[in-house]
Amino acid sequence: MGSRSSHAARIPDVDSIRRETGFSQASLLRLYHRFRALDWNEKGYLSRVDLQQIGALAVNPLGDRIIDSFFPDGSLHLDFPGFVRVLARFRPVDDEDNRNRDPKEPEPLNSRMNKLRFAFQLYDLDRDGKISRQEMLQVLRLMVGVQVTEEQLESIADRTVQEADEDGDGAVSFLEFAKSLEKMNIEQKMSIRILK
Amino acid sequence: MDGAELVGKIVYTWLTLVLGFILLPSAFGVSLGISELYMKILVKTLEWATLRIEKGVSKESVLKNSASVGIIQRDESPMEKGLSGLRGRDFELSDVFYFSKKGLEAIVEDEVTQRFSSEELVSWNLLTRTNVNFQYISPKLTMVWVLGVIVRYCVLLPLSLKNRLSELVHLTCCRICVRALSGTIHYHNKQYRPQKGGICVANHTSPIDVLILTTDGCYAMVGQVHGGLMGIIQRAMVKACPHVWFERSEMKDRHLVTKRLREHIADKKKLPILIFPEGTCINNTSVMMFKKGSFEIGGTIYPVAIKYNPQFGDAFWNSSKYNMVSYLLRVMTSWAIVCDVWYMPPMTREEGEDAVQFANRVKSAIAIQGGLTELPWDGGLKRAKVKDTYKEEQQKNYSKMIVGNGSLNSELD
Chain A
1 MGSRSSHAAR IPDVDSIRRE TGFSQASLLR LYHRFRALDW NEKGYLSRVD LQQIGALAVN
61 PLGDRIIDSF FPDGSLHLDF PGFVRVLARF RPVDDEDNRN RDPKEPEPLN SRMNKLRFAF
121 QLYDLDRDGK ISRQEMLQVL RLMVGVQVTE EQLESIADRT VQEADEDGDG AVSFLEFAKS
181 LEKMNIEQKM SIRILK
Chain B
1001 MDGAELVGKI VYTWLTLVLG FILLPSAFGV SLGISELYMK ILVKTLEWAT LRIEKGVSKE
1061 SVLKNSASVG IIQRDESPME KGLSGLRGRD FELSDVFYFS KKGLEAIVED EVTQRFSSEE
1121 LVSWNLLTRT NVNFQYISPK LTMVWVLGVI VRYCVLLPLS LKNRLSELVH LTCCRICVRA
1181 LSGTIHYHNK QYRPQKGGIC VANHTSPIDV LILTTDGCYA MVGQVHGGLM GIIQRAMVKA
1241 CPHVWFERSE MKDRHLVTKR LREHIADKKK LPILIFPEGT CINNTSVMMF KKGSFEIGGT
1301 IYPVAIKYNP QFGDAFWNSS KYNMVSYLLR VMTSWAIVCD VWYMPPMTRE EGEDAVQFAN
1361 RVKSAIAIQG GLTELPWDGG LKRAKVKDTY KEEQQKNYSK MIVGNGSLNS ELD
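Chain order of the listed sequences is A and B. With my numbering, letter number 39 in the first sequence gets 39, and the count goes up by one each step, no holes. In my numbering, each residue carries its 1-based index in the second sequence increased by 1000.
If we strip away everything but chain A, and leave its shape as in the complex, we get (with noise of 0.2 Å):
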């Protein structure tokens, strides 16, 4: 592996990083250790191949979805400032982050709507800001493979863009989507403690 010192002064921008993120020191510390760990040609940055290596990342149904993730507007080279932003909207939301907050700043990466807004990109697979019955059945397509027929898919996929559409516009806007997920416990579901 190296000779790896545990300085976290060896994380470029450290400090904002922090800042935006709202990930501890020693969080980070790991984070960067990881984020070398999987770049294991020493190249500065992540492609999608290097996240493609991970097992348990390429049998998950959203495999490919979840690494675009990372890889927003076409880009190919994940930085660490880059990785830790789509981790943090993991991080888990403490009582701390509400309380300090000062309203000016834009809103925490792991805030309720920044969680929602990430679990929404997985379905909106053209950006567009909505998503279409035609999305809807492609992500379903992925997540089920090839065990169901063509009219299940389908019927399960009008049925969810009709409950969620409200201005019958065919299609769900991030509004309703966040709507319709506003009973659920977000913060449990799309949380990852990372120990110290």
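Please keep in mind that the hints were generated in silico from the structure rather than gathered at the bench. Honestly, I wouldn't trust all of these hints.
Part of the chain A face toward chain B, derived, beta carbon under 7 Å [unchecked claim]:
| # | residue |
| --- | --- |
| 1 | 54 |
| 2 | 93 |
| 3 | 125 |
| 4 | 192 |
| 5 | 195 |
Even glycine gets a Cβ: it sits at the ideal position worked out from N, Cα and C.
Fit chain B to the given chain A structure using the hints.
Just chain B now, kept in the frame of chain A:
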């Protein structure tokens, strides 16, 4: 000129000592008990060093934590619970949460990549490589460490280089190399040593595995023709025992390989074949899927378990990270290589057992014997993409949930 003479004299006496204490006894297979003494001193030193570090570190040692616990809090509930599902619930928009959380967890930490990083040691072994908390050492410890570096680079390394150049009989050569690596090998159950006409199967951690096994017996090796340094060594070995070498292109033709191997074992006078079915180096904490090819040949399989003691030196070779030469350098400058070799009773394929089941049976036996954990993951994962069958499993489970009673649900609508 006095200084130069003095240095010359020192070097000369040192060389003589080396020759006297290492080379000659090796040639006669006699142990002078120096290695055992060396080991004892090493263990004492390392234990003392660890205690010093523990005293110096005020907060909890990162090493202890990372060796036993993962870095994230895992919720290992099965898919049904994670999707807050009673069976036969319908698809929900929120189902995607479960998969995305599992996916992100895998990105932060996954089982397989952990297997491929050198086992993080709980007690530091004075090699910079494995210590994360390197900064917390007191001056006293630094001195010991510096001394260690000097000893390793000035004494052990030239020893091994010198030794590698000597061309004695096959077995003697191996013994010298083992001594040079400060290797202490314990062979257990020698009565089960592989016989002629059989196949020896072992788990694989590093190229030294071969060295360790051949020190205790002659084997026919199966492998690829290498260029460079390995090629020279290979050609030298062929002179001593007949081996089975293939060109890389031939290796792709499984039937050709199987045929040639069958021919070899059919001849009862030929030496047992040595095969590492895992196909790639694992970091010696687990035994990955055994490729079934070796088990289709037939014949008697002699399983052997090799386990390295990680306290003294990390023998693991990550071939995608280090090339052969830098790896050998690392190994030779480690403190020592200590390992256990267990020979196990021979196994043959039973009636109605296919190659895969037989392979798994042998793999379990080796894992149990060596105290290694078994993993179903294919060792080739390190480099290649995983097969789709695993993904299908997950998809199947999910589909059963949302559609299994789907027809019922739509009727109720």
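Evaluated hints:
no.	hint	in the structure
1	54	holds (5 Å)
2	93	violated (14 Å)
3	125	violated (13 Å)
4	192	holds (5 Å)
5	195	holds (6 Å)
Hint violations for this structure: numbers 2, 3, all remaining hints satisfied.
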